[in-house]
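One letter stands for each residue in the lines below.
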Amino acid sequence: MSQFRGRRILAGAMTLIAAAALAGCGSKTSDGKATAGVSADVSGDTVKVGLLNSLSGTMAISEVTVRDSIMLAVEEINAAGGVLGKKIVPVGEDGASDWPTFAEKAEKLISQDRVAAVFGCWTSASRKAVKPVFEKNKALLFYPVQYEGLEQSPYIFYTGATTNQQIVPGLDYLKAQGKKSVYLVGSDYVFPRTANKIIKAYAAANGMTVLGEDYAPLGSTEFGTIVNKVRSSKADAVFNTLNGDSNVAFFKEYTSAGLTAARMPVVSVSIAEEEVKGIGTQYLADQLTAWNYYQTTPGAANQKFVAAYKAKFGADKPTSDPMEAAYVAVHLWKAMVTKAGSFDVEKVRTASGGITYDAPEGLVTVDGPTQHIAKTARIGKVGGDGLITEVWNSGKPITPDPYLKSYPWASGLS
Amino acid sequence: MTVLFGQLFTGISIGAVLLLVALGLALTFGQMNVINMAHGEFIMAGAYTTYVLQQTVTAAGWSLLVALPVAFAVAGTMGVLLEVLLIRRLYARPLDTLLVTWGVSLMLQQLARDVFGSPNVQTRAPALLTGNVALPGGLTVANNRLFILALALAAVLALTLALRLTPLGRRIRAVVQNRDLAAVSGIPTARVDRTTFFIGSGLAGVAGVALTLLGPIGPTMGTNLIIDAFLVVVVGGIGQLKGSVIVAFALGVLQATGEYLTTLSVAKVIVFVAIVAFLQWRPQGLFTLRTRSLA
Numbered sequence: 001m002s003q004f005r006g007r008r009i010l011a012g013a014m015t016l017i018a019a020a021a022l023a024g025c026g027s028k029t030s031d032g033k034a035t036a037g038v039s040a041d042v043s044g045d046t047v048k049v050g051l052l053n054s055l056s057g058t059m060a061i062s063e064v065t066v067r068d069s070i071m072l073a074v075e076e077i078n079a080a081g082g083v084l085g086k087k088i089v090p091v092g093e094d095g096a097s098d099w100p101t102f103a104e105k106a107e108k109l110i111s112q113d114r115v116a117a118v119f120g121c122w123t124s125a126s127r128k129a130v131k132p133v134f135e136k137n138k139a140l141l142f143y144p145v146q147y148e149g150l151e152q153s154p155y156i157f158y159t160g161a162t163t164n165q166q167i168v169p170g171l172d173y174l175k176a177q178g179k180k181s182v183y184l185v186g187s188d189y190v191f192p193r194t195a196n197k198i199i200k201a202y203a204a205a206n207g208m209t210v211l212g213e214d215y216a217p218l219g220s221t222e223f224g225t226i227v228n229k230v231r232s233s234k235a236d237a238v239f240n241t242l243n244g245d246s247n248v249a250f251f252k253e254y255t256s257a258g259l260t261a262a263r264m265p266v267v268s269v270s271i272a273e274e275e276v277k278g279i280g281t282q283y284l285a286d287q288l289t290a291w292n293y294y295q296t297t298p299g300a301a302n303q304k305f306v307a308a309y310k311a312k313f314g315a316d317k318p319t320s321d322p323m324e325a326a327y328v329a330v331h332l333w334k335a336m337v338t339k340a341g342s343f344d345v346e347k348v349r350t351a352s353g354g355i356t357y358d359a360p361e362g363l364v365t366v367d368g369p370t371q372h373i374a375k376t377a378r379i380g381k382v383g384g385d386g387l388i389t390e391v392w393n394s395g396k397p398i399t400p401d402p403y404l405k406s407y408p409w410a411s412g413l414s
Numbered sequence: 001m002t003v004l005f006g007q008l009f010t011g012i013s014i015g016a017v018l019l020l021v022a023l024g025l026a027l028t029f030g031q032m033n034v035i036n037m038a039h040g041e042f043i044m045a046g047a048y049t050t051y052v053l054q055q056t057v058t059a060a061g062w063s064l065l066v067a068l069p070v071a072f073a074v075a076g077t078m079g080v081l082l083e084v085l086l087i088r089r090l091y092a093r094p095l096d097t098l099l100v101t102w103g104v105s106l107m108l109q110q111l112a113r114d115v116f117g118s119p120n121v122q123t124r125a126p127a128l129l130t131g132n133v134a135l136p137g138g139l140t141v142a143n144n145r146l147f148i149l150a151l152a153l154a155a156v157l158a159l160t161l162a163l164r165l166t167p168l169g170r171r172i173r174a175v176v177q178n179r180d181l182a183a184v185s186g187i188p189t190a191r192v193d194r195t196t197f198f199i200g201s202g203l204a205g206v207a208g209v210a211l212t213l214l215g216p217i218g219p220t221m222g223t224n225l226i227i228d229a230f231l232v233v234v235v236g237g238i239g240q241l242k243g244s245v246i247v248a249f250a251l252g253v254l255q256a257t258g259e260y261l262t263t264l265s266v267a268k269v270i271v272f273v274a275i276v277a278f279l280q281w282r283p284q285g286l287f288t289l290r291t292r293s294l295a
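If you read the protein sequences in the order shown, they are chains A and B. Going by the numbering used here, 251 is the number at position 251 of the first sequence; the sequence numbering is gapless. Going by the numbering used here, 189 is the number at position 189 of the second sequence; the sequence numbering is gapless.
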């Protein structure tokens, strides 16, 4: 008797869990009638901007720092007199590592708070979720993270790297090091799957073998099988597109399987200084990363950025590529608005082409047609102190090519 | 061959984690018929205990050893508080324990967020547990996985012996089989309930310590584990420890085989389909508890 009652009760429990899961998955974006083209509220002597980052959940490890550096840029601009004489008021929202929540909060920032621009998002899944919201409302999003490319939207400025500024240089570097085979490990969503499609096309054209390809759900912590497969593949290197704190579990498993950078190096495209600190340097010693900026990048602009960030958030806080790209995004937006002489989205977009900024990573230029920016590619190696030092750079900013039109091998990708 | 052995070991180690996570639940749900949705948060409490001890006891090896009994006590105490304050009033209404403990689990998650912040945190494993044992033929088994396996087996052994041989264990079994008869025989059932809850919740804390060796620690880590834990207990047969042990390892090996032959996500589907099919065939689970209880 009692076990049958237990079973009925358990069925109830499972239903509740399923209901909770469904409630989380349901799209909560409003139907948007009469909201199209809401203009920013600039009537007073302030202008609002939206900050849309995951402050909780699996992506918080990465996104909290991005929010911090956006705040730093906002403060700097306010201290220097604001934008068009108006002080910036930041309005923060938590995307909670959940894509429907991102869309819902984006809608709220645009229609309710009437912000002039939104800065944020990290995963491609969150960007894809908010993209229709920004396009419908004709509002601006500044997206600060490297991504898989093959996308362009009139209402998004991409200040992180596209594939030809990060993944392709990463592969070029492996090729130059004589690595002939790679194993692909990624999180199971849009960025890693698209990135790996590009990597496979590159490999096919460059005499490199892809020995395997495995995906783990975002937030997954079981990497036993994947590491087992990677190890027995005897690949020359691993290309890692895992996102968030799955990296912690992956590198713990990788290290305990006896794999090291000397034996089988891992090139990561989503692990920056903040994540290195979180994962633990002992698990990442000498592993490689591909980005456009490191805390150690030389130059006066970076010294100023690093000093200002540490003064505000603590001496033990490192700066990273997405943080830098987010910081640069706010300054680029200011330059665009100033050049346009208006907060009007269409005028800002028209004014954007050719705008340059002396960024911590070096000079960056906005590419008008693609709304991406020209950036220098940098390969780095993780040191024992948790900082990443550059082992190679492209020498000059690389023009963004989100659809990889300049590479013959990429012609089949879309 | 190397791969086959590696996968077998992966499966066993997934099973060991499942077993640790489910063991406390096998006691509170299996024996007492209380659906404790906050079990996952007791695991989280164990993990955060490890984290806090690592901040204070600096040597990673010592802090982990200290964490095992401390986490047991912390999670166990939380369990007793839950039992005394809420569950005690609901023994006749199991479905209500589900709702109440679910509310408690959400509150505990928020509490963790307020105390430790919402980003996940990590602990350092002691040097001894980061390496691996090299076996002949190029085989390696990770030390942290071996440690978790040993911990799971030790916990099962300790629990089995306690239930079989100690007076407390006899009292627990008596209350499970027939609460009213046990009460009239002079067994203080309320105290037995509390002790059972302390042990079951404490085991969740121990599971939390083990999980810090594998991945990050976060406020929501319990929600993923609670479903796995219920699956193991139900498929094993409610009130049956040996069922939980067998099913945990069987599911682990099935998961690892599925992952190897297909992908991680497909393997999860395979495991769920297998469970549904099994419960169609044997709705009472692998083993059945024979009871004269009239409840």
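None of these hints come from the bench; they were simulated from the model. Mixed in with the good hints, there may be bad ones.
Unchecked claim - DSBU-like, lysine-lysine: derived pairs with alpha carbons at most 30 Å apart:
no., chain 1, residue 1, chain 2, residue 2
1, A, Lys-86, A, Lys-108
2, A, Lys-48, A, Lys-175
3, A, Lys-234, B, Lys-268
4, A, Lys-138, A, Lys-200
5, B, Lys-268, A, Lys-197
6, B, Lys-268, A, Lys-200
7, B, Lys-268, A, Lys-128
8, A, Lys-312, A, Lys-347
9, A, Lys-131, A, Lys-405
10, A, Lys-304, A, Lys-317
11, A, Lys-381, A, Lys-396
Said to hold, decoys possible - Estimated spans, in silico, between C-beta atoms of each pair:
no., chain 1, residue 1, chain 2, residue 2, range
12, B, Thr-56, A, Asn-78, 55 to 61 Å
13, A, Asn-206, B, Leu-99, 56 to 62 Å
14, A, Ala-204, B, Ala-127, 56 to 62 Å
15, B, Leu-99, A, Asp-344, 47 to 53 Å
16, B, Ile-227, A, Gly-341, 55 to 61 Å
17, A, Lys-347, B, Ala-127, 56 to 62 Å
18, B, Thr-56, A, Pro-217, 30 to 36 Å
For clarity, every value in this text was computed on a predicted model and none was experimentally measured. Where a beta carbon is used, it is the ideal one built from N, C-alpha and C, also for glycine.
Hint by hint, here is what the structure shows:
| no. | hint | verdict |
| --- | --- | --- |
| 1 | Lys-86(A) to Lys-108(A) | holds, 22 Å |
| 2 | Lys-48(A) to Lys-175(A) | violated, 47 Å |
| 3 | Lys-234(A) to Lys-268(B) | holds, 27 Å |
| 4 | Lys-138(A) to Lys-200(A) | violated, 36 Å |
| 5 | Lys-268(B) to Lys-197(A) | holds, 24 Å |
| 6 | Lys-268(B) to Lys-200(A) | holds, 26 Å |
| 7 | Lys-268(B) to Lys-128(A) | holds, 26 Å |
| 8 | Lys-312(A) to Lys-347(A) | violated, 34 Å |
| 9 | Lys-131(A) to Lys-405(A) | holds, 23 Å |
| 10 | Lys-304(A) to Lys-317(A) | holds, 15 Å |
| 11 | Lys-381(A) to Lys-396(A) | holds, 20 Å |
| 12 | Thr-56(B) to Asn-78(A): 55 to 61 Å | violated, 40 Å |
| 13 | Asn-206(A) to Leu-99(B): 56 to 62 Å | holds, 59 Å |
| 14 | Ala-204(A) to Ala-127(B): 56 to 62 Å | violated, 42 Å |
| 15 | Leu-99(B) to Asp-344(A): 47 to 53 Å | holds, 52 Å |
| 16 | Ile-227(B) to Gly-341(A): 55 to 61 Å | holds, 56 Å |
| 17 | Lys-347(A) to Ala-127(B): 56 to 62 Å | holds, 60 Å |
| 18 | Thr-56(B) to Pro-217(A): 30 to 36 Å | holds, 34 Å |
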